[in-house]
Amino acid sequence: MTAALVQQTLSELVESLPERVGAEGPGMTHFSLAGRILSELATGPEFAEFLTTVAYEYLD
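Read in order, the letters of the sequence shown correspond to residues 1 to 60 in the working numbering.
Simulated from the structure, these hints should not be mistaken for laboratory data.
All C-beta atoms, glycine included, are put in the ideal place defined by N, C-alpha and C.
There could be a bad hint or two in this list.
Pairwise CB distance ranges, derived in the manner of DEER restraints [said to hold, decoys possible]:
1) V6 / L59: 20 to 26 Å
2) E46 / E24: 34 to 40 Å
3) T9 / E46: 18 to 24 Å
4) E19 / E46: 30 to 36 Å
5) E19 / E49: 29 to 35 Å
6) E24 / D60: 26 to 32 Å
7) E24 / E49: 31 to 37 Å
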C-alpha cells in the first residue's frame with residue numbers, strides 16, 4: 001500500500017459517488033472535501049488521532 005495508491009483510490013471513489021448516490025444526494029457538496037481530508041489523514045506526515053480535530057475548521 002502506497003500513499004499514491006491511497007490517493008488514487010480515494011479520488012476514484014469520490015468521483016464515483018454522484019453515480020452511486022445521485023448527484024443531488026445529501027452531502028454531495030462535501031464529498032470532495034471529505035476525500036481530501038481523509039487522504040491527508042491517511043498519507044500525511046503526521047498522524048491525527050481524530051478526524052474531527054482535522055475537520056473542525058471546515059464546520060459551518
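Going back to the hint list, which numbers does this structure go against? Number 6 only.
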